[in-house]
Amino acid sequence: MGFNMRYLDLKRKIRDARMWAIQGITEAGSGHPGASFSAAEIMGTLYFKRMRHDPSNPNWSERDYFINSKAHSAPGFYSTLAVAGYFQPEELRTLRQLGSRLQGHPVRYSEHQKQHSVPGIEYSGGSEGIGLSVGIGIALAKKLDGKKNRVFVLIGDGESDEGQIWEASMAAGKFKLDNLVTILDRNRIQQDGFTEDIMPLDPMKDKWTAFNWEVFEVDGHRVEQIVDALNKAAQVHDKPVMILANTVKGNGIRHMANNPQWHGKAPPKRQTEVLLEELESECLIAPSIIAGERENYEDKIRKVEREGVDMIHLDVMDGRFVPNTTFFADTIKKLRRLTSLPFDTHLMIENPLEKIQDYIDARCDIITVHAEACTENEFREIQERLIDNGISPGIAINPGTDVPKWMYHSLHNLDVVIVMSVHPGSAGQKFMPEVLTKMVVLNKQLRQHGFRGYIEADGGIDATTLQQTYDAGARIFVAGAAVYSGGDIHGSVIQLRNKAEVALERRLLNHATQLNIRADWMKARKHILIPYANELRIEEELHAIR
Amino acid sequence: MLLGSEKKTADMRGAYGDTLVELGRDDPRIVCVGGDTTESLKTKKFGDKYPERMFNVGIAEANIVSVAAGLVIAGKIAFASTYAAFIPGRCVDQIRNTICYPYLDVKLVVSHAGLTVGPDGASHQQIEDIAEMRAIPNMRVLVPADAVSVKYLIRMIASTSGPFYMRLARPSCDIIYADQSRAFELGRGNILEDGSDATIIGCGLMVSRALEAAKELKRKGVSCRVVDMFSIKPIDKDLIARCAKETGAIATAEEHNVIGGLGGVVSEVIGETYPVPIKRVGVQDIFGESARDEEIDMLLEQYGLTTTEIAKAVLEARSRSRK
Chain A
1 MGFNMRYLDL
11 KRKIRDARMW
21 AIQGITEAGS
31 GHPGASFSAA
41 EIMGTLYFKR
51 MRHDPSNPNW
61 SERDYFINSK
71 AHSAPGFYST
81 LAVAGYFQPE
91 ELRTLRQLGS
101 RLQGHPVRYS
111 EHQKQHSVPG
121 IEYSGGSEGI
131 GLSVGIGIAL
141 AKKLDGKKNR
151 VFVLIGDGES
161 DEGQIWEASM
171 AAGKFKLDNL
181 VTILDRNRIQ
191 QDGFTEDIMP
201 LDPMKDKWTA
211 FNWEVFEVDG
221 HRVEQIVDAL
231 NKAAQVHDKP
241 VMILANTVKG
251 NGIRHMANNP
261 QWHGKAPPKR
271 QTEVLLEELE
281 SECLIAPSII
291 AGERENYEDK
301 IRKVEREGVD
311 MIHLDVMDGR
321 FVPNTTFFAD
331 TIKKLRRLTS
341 LPFDTHLMIE
351 NPLEKIQDYI
361 DARCDIITVH
371 AEACTENEFR
381 EIQERLIDNG
391 ISPGIAINPG
401 TDVPKWMYHS
411 LHNLDVVIVM
421 SVHPGSAGQK
431 FMPEVLTKMV
441 VLNKQLRQHG
451 FRGYIEADGG
461 IDATTLQQTY
471 DAGARIFVAG
481 AAVYSGGDIH
491 GSVIQLRNKA
501 EVALERRLLN
511 HATQLNIRAD
521 WMKARKHILI
531 PYANELRIEE
541 ELHAIR
Chain B
1 MLLGSEKKTA
11 DMRGAYGDTL
21 VELGRDDPRI
31 VCVGGDTTES
41 LKTKKFGDKY
51 PERMFNVGIA
61 EANIVSVAAG
71 LVIAGKIAFA
81 STYAAFIPGR
91 CVDQIRNTIC
101 YPYLDVKLVV
111 SHAGLTVGPD
121 GASHQQIEDI
131 AEMRAIPNMR
141 VLVPADAVSV
151 KYLIRMIAST
161 SGPFYMRLAR
171 PSCDIIYADQ
181 SRAFELGRGN
191 ILEDGSDATI
201 IGCGLMVSRA
211 LEAAKELKRK
221 GVSCRVVDMF
231 SIKPIDKDLI
241 ARCAKETGAI
251 ATAEEHNVIG
261 GLGGVVSEVI
271 GETYPVPIKR
281 VGVQDIFGES
291 ARDEEIDMLL
301 EQYGLTTTEI
311 AKAVLEARSR
321 SRK
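Sequences listed follow chains A and B, in order. Okay, so the first sequence: first residue is 1 according to the working numbering, each after it adds one. Okay, so the second sequence: first residue is 1 according to the working numbering, each after it adds one.
Hints in this document: simulated from the structure, not taken from any laboratory. Think of the CB as a built atom: it goes at the ideal place given N, C-alpha and C, for glycine as much as any other residue. Among the hints, a few may not be true.
What the hints assert, rightly or not - Pairwise CB distance ranges, derived in the manner of DEER restraints:
# : chain 1 : residue 1 : chain 2 : residue 2 : range
1 : B       : Arg155    : A       : Glu111    : 46 to 56 angstroms
2 : B       : Asp179    : A       : Glu111    : 31 to 41 angstroms
3 : B       : Pro28     : A       : Asp206    : 55 to 65 angstroms
4 : A       : Thr94     : B       : Ala10     : 35 to 45 angstroms
As the list claims (entries may be wrong) - Which chain A residues stay away from chain B? Per the calculated CB distances, all over 10 angstroms, these:
# : residue
5 : His53
6 : Leu98
7 : Asp192
8 : Leu446
9 : Asn498
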């Protein structure tokens, strides 16, 4: 399971990496946004969570190696390195320019290449299909020296047309390189079009299996699945591991996603601000399994997992802090085996510090405690212990309370603030609209004080209130009855997603209007906006755009 | 070919294999990557001695050189070897981007260069490798003339950082450096014979033919300087310019296309330093053909790679000299 990854922190860092990459690309006027974004979660998970490396000592002898064979994903690779701490992210703005250290394709950093590279880059790429062979060489050397370093190679599907990929594949199988993990960014698009049209590659899983690799297949935009597969990879012996990551090229910018046009094209610089807003606006849907009948939790989890929800929200109630009682850590422990979906645990309990270890042990990914239930010192201790264990810490506030003043001193280590829009303790209450104003003010204050986490809306969230809380700044939505009570889970999740999309599109359109690029934005976005034209009241305007 | 019966010959590949074993004994960082030709290249000797440091990746040249690059990234000194037809023939891109650009300690030592491959024919007769390799920034190109040079130069490239390309010939070659105390310096040609009327600059197995040609010319009263230009890149500009100035005419001799090889380098250098007449002996931009081992001399004759052709070239260049 994908735990100990401080889920929301990881998501945020990946979001930052995408944002820096797009700034570099629009500034340069060229680059490969598609590949940078399809591989963002893969590179981010490796650099921010799984690899042993030290940005302050890039040549650390015990480091793991990352070989970026699909080197055209350079903007995303550079931004990942920058967010990881190898250099100042602002340097991304020099991407691909004369005199920049950030060359069009990354260059191995050495005494010989100080001008055109940054520390941390092990491999000079650009010509396709080579990196896996290089990774094999490193893995062989580490085995020869009896060292524990691991080698991670990112390859693309387009470059899998190259015969050398298969030369390398055979060789890694022959040498039984269990210190080598290859991740295939299977975005299904190459420069001329879709991979299966240009040169069919499927069935990829069978191919790699036949070449004596252990293959794990994941959704390459789900960090928890990537972490899960990397954990499994570490347990494989006498075989190299292939993580077949199904991805979407250009993921993160809706009009660029899965569109071959955006393989190697830069969006216009004037759109940068709107693109950044879109990247920053990623939202997560977290069904609360206590909705409806308080039973069949396993079944409820399986059903929403199939619908592609982002997290599972677990409401722990102790009958003292709130009137009701739900379940405790032992139940969560059992549920943990079912899924790699992040567990977003909301502790509505007294003295959370006393019980916190149980929930850490139950492998929750996010643990939120109530501001009303602990003192500053207690919260600090909880926060510290959660972060030490790779768990995202959160604080929740009831409708009548505010984020305590002391909280503002450690916002950089706070991943989520749950703003309750009902009184906690019982399901099925009506959304309290007065919370919206509070959320707007709070969001602004928190951001001003350096908060980079998520606002989570909890209580009475449905299709209508989701949009309202979205506009008020929430990006995580706890939905209970709205998912489970209507009898159509599939339809409900789609509807919630759709409402979040409408809210996003409206927001971006407003932003584009403020920047005087409304028509320009609508043109770029036309195929995305068509389904929401009615709701956004832009039918005629959209129709007029050619 | 005027091979005296007293002449000693020795196998370049054997010298390579033996030296590699010695290097491997002294330096645990030495590793070797091969591609189904380890027996022929004599790298098997190293593999037999140090099996854990020998990696045979099969008939996959792109993979050979790239795996070697990876080994170097992880701290090794990698020798990668197969036939010259395939390294660099099949992997110039990998050599360029993966080895030369990042300046990695990969030492490409290949055999069966030139026409003397013999029976395998033109597909295996590598005649453009010097041109390809020397055009890549950071790459150094060495063409030893005999087995003694091989021993020296293998040690030199093992202890000098950065990429090298070294081409060996298949046949057993005349020993040029019987006096083993001779020094080899990267970027410095060796004057084997002094003379004042012309200079023959040769590399590889054409050096012994250059010496023979000088002897022949001496009998006709022409005094030739003979230079073994084993280091094609970096090239000894000073020596070439000096030879041009002091002898007034130059002939080059190489088992390679005259385009872009040793003759090309020397022409470039004298053109920019001290222009004198030059005549290039080598393959005249055509593909070779099969010949049985006992027919190799005839093959070389047919393609103009002989003592006689070198002597003719010297006289031709000299006839245009104003000296």
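Checked hints:
1. B/Arg155 / A/Glu111: 46 to 56 angstroms: violated (23 angstroms)
2. B/Asp179 / A/Glu111: 31 to 41 angstroms: holds (38 angstroms)
3. B/Pro28 / A/Asp206: 55 to 65 angstroms: violated (40 angstroms)
4. A/Thr94 / B/Ala10: 35 to 45 angstroms: 56 angstroms Cβ-Cβ, so the 35 to 45 angstroms window is violated.
5. His53: It holds; A/His53 is separated from chain B by about 15 angstroms at its closest Cβ, greater than 10 angstroms.
6. Leu98: Per Cβ check, A/Leu98 is outside 10 angstroms of chain B; nearest 18 angstroms; holds.
7. Asp192: It holds; A/Asp192 is separated from chain B by about 20 angstroms at its closest Cβ, greater than 10 angstroms.
8. Leu446: holds (44 angstroms)
9. Asn498: Holds, since 46 angstroms exceeds 10 angstroms.
When each numbered hint is compared with the structure, violations occur for hints 1, 3, 4.
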